[in-house]
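**Student:** Below, each chain spelled out in residue letters.
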Amino acid sequence: MASDDIVDHSIFDQLLEMDEDDEERSFSRDIVLNYFEQAETTFASMDNSLGAKDLPSLSRLGHFLKGSSAALGLTKVKASCEKIQHYGNLKDEHGSGSISEDEALKRIGALLAQTKEEYREAEDYLKKFYASA
Amino acid sequence: MLSGSDSRLLQISVLIWPLQYLLGSWDRALLVVCAICLLLESQKRSRAERLVQDLRDVEKLHRIIVDECPVWMGISAILETVKCEAYPHKPSPGCGCHFDMMHLHLNKRGMKHYGATHESEIFQKSMVKDYNRRQEDVDLVALAFKKSKDTGQTVEFEMHLEVHLTADGNWTSNAEPGTRSSIRHIVFTASYVGHQDGTERYLYICRDISEEREYIDSLKASEARTGLILSTTDDGIYEIYSNQIINPLSLRMYEQLGYTKEEFCRLVGTVPEFMKLLHPDDVSLAEETLREVFDGRLEKVRLEMRVQCKSGDYRWLLSRGRAVKFDEHGLPTSLIGSMTNIHERKTAELTLVERNRQLDSALQQAAAAAQSKAEFLANISHEIRTPLNGIIGLGSILWETPLTHDQKDLLKSIRDCADGLLLIVNDVLDFSKIDANKMALENRPFDLLGCIDNAIYLLNLRASEKGIGLYSRVRVGTPRFLWGDGNRLRQVLMNIIGNAVKFTNHGEVVVNIDYDHLDSSRFLVHFRIKDTGIGIPDDRRHLLFKPFSQIDNSTSRKYGGTGLGLAISQRLVQMMDPNYGKLTVESREGHGSTFCFSLEMRVCSSEESANITKEEVKVQREAARLAEKFPMSILMAEDNPVNQKLCLRMLQRLGYTADIAGNGQEAVDACKKKKYDLILMDMQMPTMSGVEATRLIRSDPDIHQPTIYALTANARDTDKDLCIRAGMDGHISKPFKAETLIEMMELCGKEVLRRQTLGL
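If you read the sequences in order, they're chains A and B. The first sequence begins at 1 in full-length UniProt numbering and counts up one residue at a time. The second sequence begins at 1 in full-length UniProt numbering and counts up one residue at a time.
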């Protein structure tokens with residue numbers, strides 16, 4: 001599993017197994033669609049919270065999206081969300097140490113754009129996957 | 001008569017008279033006159049000598065010309081003699097129509113023919129008598145000679161002469177050994193040259209034109225043949241010159257267009273005129289092709305074109321030709337070709353092309369229709385299943401809530417309906433998929449025995465409820481691990497065995513498995529499912545595999561079912577093995593039925609088998625039974641809906657249902673309302689964390705203490721410690737694999753059992 005893979009298949013395939021012998025992959029497809037909706041909503045909320053300089057909210061949102069990203073094997077998105085979670089808690093990217101609020105906001109500001117990019121990448125990949133499935 | 005010289009002498013003699021006066025004496029005068037006469041004589045003589053010499057020179061020249069002449073030249077005289085004894089049936093002697101001819105002079109060529117080296121050898125020898133020429137031949141020649149005398153003109157005639165060819169190709173008149181006879185074609189030219197020494201003399205020239213004649217004959221024959229070919233060919237033959245003139249060479253050239261020769265030649269003499277007859281769409285290509293030919297860029301022409309007939313219609317013709325004559329620059333001066341009528345063929349071809357195009361279009365439409373049908377199915381499938389799964393899922397959740405007896409009854413009916421509906425929907429969707437050729441079978445290693453066991457296991461309950469036996473009888477040596485679609489095979493077995501169980505009220509249902517060993521890797525496996533049920537009436541048997549039909553309308557009411565199961569099974573069996581796969585039935589009403597089918601399958605290698613043993617056997621067999629082995633009521637505390645769904649699904653596959661709490665507080669509240677055996681607790685949730693919730697639950701005496709497992713995001717030690725200190729029983733790292741969950745559930749299950757046994 002390379003950390004620069006868009007999707008970690010050792011995890012994503014678990015999800016696919018849930019489809020059993022359904023060729024349409026209704027279950028996993030549904031989950032992925034739910035995730036897309038969730039991601040869009042979460043990013044929107046993150047934008048708002050960033051504007052309102054609400055660090056605890058950002059941390060919570062980061063944690064929230066981290067969970068589902070991890071469940072689908074979207075390693076990059078998950079890693080970035082985790083960082084946002086830590087920054088929101090005024091911790092450094094590894095979750096230890098301490099940073100100032102300004103520093104946290106600055107870092108989150110930069111990271112958010114990157115996270116969205118990573119999400120888009122994953123979204124494309126998954127859409128293609130399901131288009132050809 | 002005085003000759004010229006004599007008269008001169010006389011003139012000179014007369015001179016004596018004046019001379020004697022001049023000279024004074026007769027003697028001197030006479031002397032002078034004699035001297036003059038002698039002078040004149042000598043002059044005359046030398047002139048005569050010169051003349052004779054000239055004549056001799058001329059004669060020599062003529063001799064050379066005659067002798068060296070390659071044709072046979074000679075002078076002959078006619079002798080009116082005849083030897084009619086040789087021709088007894090011919091007229092009598094002196095009839096005046098038979099002749100002999102005598103050689104007088106012959107040139108070298110002629111002499112050679114007679115085998116003579118000197119004219120003296122042939123002089124006065126005669127043709128018939130001496131040289132045995134045929135009388136008819138000699139008569140012919142003689143008559144021609146006489147004609148030339150009569151008409152005063154040269155006579156020319158042809159005749160055949162038999163000669164004998166020597167080894168070196170010369171011909172002689174003598175039939176010597178080593179020669180072969182040959183009939184030559186001769187041209188005789190004869191002219192009368194006068195009377196001399198009592199004979200009429202004729203000059204003749206004899207020319208052998210045999211080869212020329214042969215040549216001309218073969219040319220004529222060749223021309224005739226060509227003419228015949230041209231006249232019988234169905235193609236129009238033409239020649240086009242570089243100066244744009246067209247020369248139609250065969251009748252068909254204009255006949256095929258409905259013109260007469262005159263009409264065509266009048267209408268079309270040059271290339272531009274011909275182009276006027278072409279269909280406008282074909283003109284530019286034709287012009288370009290001709291240009292290329294005469295520019296030397298194209299050697300062969302092959303062109304299909306529409307040419308206008310006399311009637312005005314266009315006919316398709318195929319023109320094929322090539323450049324045949326070239327000038328000193330290597331450029332073509334002439335193109336010869338043929339025009340073949342391809343009208344019928346071409347119009348048929350065009351019709352075919354159009355039909356094909358229409359067919360393709362129709363096929364495309366059909367494909368599009370099939371595609372949209374398939375897409376419709378795919379969409380519908382999802383649309384139908386989702387709410388149905390919702391009903392089933394929610395129904396099972398509702399089942400776990402406190403319900404009155406009546407409510408439970410009603411709910412049971414609802415759940416049965418939902419389950420039944422699901423079966424029907426699955427059948428209908430499966431059947432539609434197969435029908436639209438969208439069903440694809442997997443080809444993976446699977447466990448045949450596992451498949452059979454599984455089907456039997458799932459139907460065992462129903463069979464035992466009815467008091468009938470259900471078991472399998474597998475012949476020893478039946479291959480276990482095979483390539484194919486295990487799931488679909490199980491579906492077929494479930495359907496057939498299910499039917500057997502459904503329609504049997506006492507006795508047993510036996511699944512017999514037999515096989516034939518085809519070769520080292522392939523087996524023909526025979527499935528026979530025999531029951532002692534109600535059987536199928538003979539006259540209804542044909543309805544058995546028809547979709548949507550049931551043997552009896554009442555059976556659907558009594559026994560349920562869609563009427564699709566067997567139709568689907570039959571098609572699946574056929575898809576699994578297009579050669580042998582065919583579902584058949586034998587039955588006796590009141591006694592039972594036997595359903596049979598055979599499948600040719602490939603055995604797995606040992607490595608392939610090992611893989612199945614690990615994954616499928618474990619998951620398929622154990623997983624489905626886990627919830628029965630370790631029944632538990634489960635609460636899942638997880639805030640992310642995506643994770644909730646995923647986890648629920650994993651639990652469902654093990655036979656479990658679970659309730660959901662969105663945060664720590666909800667989890668605590670839920671525990672107060674209901675007894676849970678197991679809580680799967682996410683560590684970090686909004687409002688209240690998992691740790692906090694666990695502490696609250698553990699510290700509440702009213703709550704039945706569940707086994708609590710943490711769902712940790714990171715496997716860091718601090719988390720583990722935290723879990724234990726909070727009072728959790730274990731943890732599982734997210735994201736987790738199905739196998740990990742199964743292991744955990746088994747552990748939990750055992751833990752739950754332990755607690756129950758201990759009365760905790």
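Errors might be hidden in some of the hints.
What the hints assert, rightly or not - In silico DSS-like cross-links for lysine-lysine, where the CA-CA straight-line distance does not exceed 30 Å:
1. B:Lys433 / B:Lys310
2. A:Lys91 / A:Lys128
3. B:Lys673 / B:Lys412
4. B:Lys60 / B:Lys125
5. B:Lys675 / B:Lys582
6. A:Lys127 / B:Lys737
7. B:Lys220 / B:Lys276
8. B:Lys675 / B:Lys629
9. B:Lys149 / B:Lys112
10. B:Lys737 / A:Lys128
11. B:Lys582 / B:Lys629
12. A:Lys106 / A:Lys116
13. A:Lys91 / B:Lys373
14. B:Lys373 / B:Lys629
15. A:Lys127 / B:Lys125
16. A:Lys127 / B:Lys373
17. B:Lys675 / B:Lys412
18. B:Lys44 / B:Lys60
19. B:Lys125 / B:Lys146
20. B:Lys582 / B:Lys673
21. B:Lys310 / B:Lys276
22. B:Lys438 / A:Lys128
23. B:Lys737 / A:Lys116
24. B:Lys60 / A:Lys128
25. B:Lys60 / B:Lys149
26. A:Lys127 / B:Lys438
27. B:Lys346 / B:Lys412
28. B:Lys325 / B:Lys276
29. B:Lys629 / B:Lys408
30. A:Lys128 / B:Lys373
Stated by the list, open to error - The following residues of chain A were derived to be distant from chain B, with all beta-carbon distances above 12 Å:
31. Asp13
32. Ser28
33. Phe36
34. Glu101
35. Lys106
36. Glu118
37. Arg120
Please keep in mind that the hints were generated in silico from the structure rather than gathered at the bench. No residue lacks a Cβ here, since even glycine has one placed at the ideal position from N, Cα and C.
**Student:** Okay, which hints does this one fail, numbers in order?
**Tutor:** 1, 2, 5, 7, 11, 13, 14, 15, 20, 24, 27, 31, 32, 33
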